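J.: Chain by chain, the residues run as shown.
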Amino acid sequence: MKLDEILSSLFLMGHDIDPRPDHLILGTGKRANGGTVEVVGIADGEALGIEGVLPLARRVLDIVATGGKTPILVIVDTQGQLMSRRDEMLGLNEYLAHLAKCLLLASRSGHATVGLNYGKAVAGAFLATALATDVLVALPDAEPAVMDLPSMARVTKLPQEKLEALSKTTPVFAPGLDSMTKVGAIAQVWDPAKPLDVQFEATLATIPAHDVRDALGAERGGRLLAAGIARRVADQAGEDRRA
Amino acid sequence: MTDPKHPSADTASWFLSTARERLTGLLDPGSFAEFLPPTERAQSPHLALFDLPAAFDDGMVVGRGRLGRRAVLVAAQEGQFMGGTFAEVSGAKLVGLLRAARDDPKLPRIVLLLLDSGGVRLQEANAGELAVAEVMRAIVEARGFGVTVIALVGGRAGAFGGAGLTAATCSRIVISEQGRTGVSGPEVIETNKGVEEFDSQDKALVWSVTGGRNRRLLGGADAYAGDTVAGFRDAVLALIDRAPPFDLVTLRAEQRRLADRIECLGACNSAVEMWVALGIAEPQTIRNLDDAAFAEIVKGLRGAAYEAR
Chain A
1 MKLDEILSSL FLMGHDIDPR PDHLILGTGK RANGGTVEVV GIADGEALGI
51 EGVLPLARRV LDIVATGGKT PILVIVDTQG QLMSRRDEML GLNEYLAHLA
101 KCLLLASRSG HATVGLNYGK AVAGAFLATA LATDVLVALP DAEPAVMDLP
151 SMARVTKLPQ EKLEALSKTT PVFAPGLDSM TKVGAIAQVW DPAKPLDVQF
201 EATLATIPAH DVRDALGAER GGRLLAAGIA RRVADQAGED RRA
Chain B
244 MTDPKHPSAD TASWFLSTAR ERLTGLLDPG SFAEFLPPTE RAQSPHLALF
294 DLPAAFDDGM VVGRGRLGRR AVLVAAQEGQ FMGGTFAEVS GAKLVGLLRA
344 ARDDPKLPRI VLLLLDSGGV RLQEANAGEL AVAEVMRAIV EARGFGVTVI
394 ALVGGRAGAF GGAGLTAATC SRIVISEQGR TGVSGPEVIE TNKGVEEFDS
444 QDKALVWSVT GGRNRRLLGG ADAYAGDTVA GFRDAVLALI DRAPPFDLVT
494 LRAEQRRLAD RIECLGACNS AVEMWVALGI AEPQTIRNLD DAAFAEIVKG
544 LRGAAYEAR
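Here the protein sequences come in this chain order: A and B. Going by my numbering, the residue at position 216 of the first sequence is 216; the numbering climbs one at a time, nothing skipped. Plus 243 on top of the position in the second sequence (first one is 1) and you've got my numbering.
Note that these hints are calculated values from the structure, not bench results. Since the model is a prediction, treat every value here as computed from it, not as a measurement. Note that beta-carbon positions come from the ideal geometry of N, C-alpha and C, so glycine has one too. You may find that some hints are simply not true.
Unchecked claim - When the alpha-carbon atoms are kept at most 20 Å apart in a straight line, the in silico SDA-like pairs for lysine to any residue are as follows:
(1) A/K157 with B/N435
(2) A/K168 with B/N435
(3) A/K168 with B/L290
(4) B/K349 with A/A218
(5) A/K162 with B/P296
(6) A/K69 with A/A218
(7) A/K69 with B/N435
(8) B/K436 with A/E46
(9) A/K157 with B/K349
(10) A/K2 with A/V189
(11) A/K168 with B/L292
(12) B/K436 with A/R86
(13) A/K30 with A/G14
(14) A/K162 with B/L292
Said to hold, decoys possible - The following label-pair restraints were derived from C-beta to C-beta distances:
(15) A/E164 with B/A481: 27 to 33 Å
(16) A/Q160 with B/L480: 45 to 51 Å
(17) A/E51 with B/Q527: 25 to 31 Å
(18) B/L482 with A/G110: 29 to 35 Å
(19) B/G387 with A/D235: 51 to 57 Å
(20) A/P55 with B/R313: 36 to 42 Å
(21) B/G387 with A/E164: 40 to 46 Å
(22) A/A193 with B/L482: 41 to 47 Å
As the list claims (entries may be wrong) - Away from chain A, derived, C-beta distances all over 10 Å, residues of chain B:
(23) T267
(24) A297
(25) L310
(26) R312
(27) E377
(28) D477
(29) D490
(30) R495
(31) G509
(32) T528
(33) I529
(34) A536
(35) K542
(36) L544
All chains, please: the whole structure from these sequences, using the hints.
T.: Below you can see the structure in the form of structure tokens.
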């Protein structure tokens, strides 16, 4: 689905989101119940660098400052963090983390945050945006990833054929929507044939109060150990204190 | 300043030490207790698929101890095992520690993260990426309950990728000259964008872009430590009581801090140009200064003194 189709299906009552030369998504959509949704994001596969972060983060902080409980939708199609010596020199890690922190603050302040991945979502830019939300959904043509298989083959010095074969049997490293769903990163895949506004409202109605992604990964069989390990560490910390 | 109680550990290089040596040297003698220790064999089930050996702690050591008689929770990445990477088990150990700090107000209110990591372990890329997302959320939630989370960066693997984002999510970052942090490492940028974008073999260039001195001068780290166990201990103790709360005021200040940085330095083509713009009289000498002389330069800089992270 293209961004304009997504937005029209999400906001039958209208929205004020226009394409921008910087490929950022900033605006407000109207809900059928008369309420609004604040929308931020990144489109067209654009890489996220330090300049892209600031308007998004500022918008999120303004929403928090305004108060209320308006939900925030984070729409993402990004090839990843901008790979640039200049952005690294200026501290890109701080900028990306800042955006994630702003979204997490909004969530803590009562704004439900929903991530929507419709194109690519890669590595550091994925962490700064869609993975910093209360719940992440995707459309079927989404391509979330940490790294593509050819690059992974280069870095791990493993033959690409071996990685391709392994990726069919384990979701733990293979790029793509199925794998990311199985490990618990993506809560639901929306059906593009049905109205998105209805699916969005259904997602909003079931926002988890806590981070349930490791439990989801265990339930779906894609990340069997993480939830149990985290619990064992927390239990031992508690036992040690009481001892 | 050295602690007579453990003189040999004090002068040991942080950069060259293992995760366990760092913890033993950093914490008060005999105070460290490990959660999910290697005897419980919480190891990666995935590495065997790639014919790689696993480790009984998966390269992540978590526990509690004391620092200057203060109770602390600690986590240390072993940079010499799989580059200290975030993976299913190693990541979940850190998530568990942070969630415990968040949920149990009687646990120590200080968490030290001894980061030494190239980022996400590619053999477990999805689990590792998600672990970083869970860690970042758990840090923020713990900070929201008044926990101070301090990142210590000075190991061989630095703090890149997800570890670079994790560091910047903490309340405070302590870095040494040898400490390096960022998102994409120089090799990754060179591979993807070409040697003219970033020559990863140019050691001086890499040092000036990702190294601890540049980070400290720009305010990308809040304290600078000498490359010894004692150096990190002193730096942590000096800032342990003045961490910013996690709230709108702090994040608005961070927004200003990061916007100011682009406005002031965004047009610079090199680290030396940035240091000139910061008002440093002899930027070429930054590399050769000893730690004490460097600390004096930092004192005079506004950007390094923001209370915003």
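J.: Any hints this thing doesn't respect? Which numbers, in order?
T.: The structure breaks hints 2, 4, 6, 7, 9, 15, 19, 22, 27, 29, 30 and 31; every other hint is satisfied.
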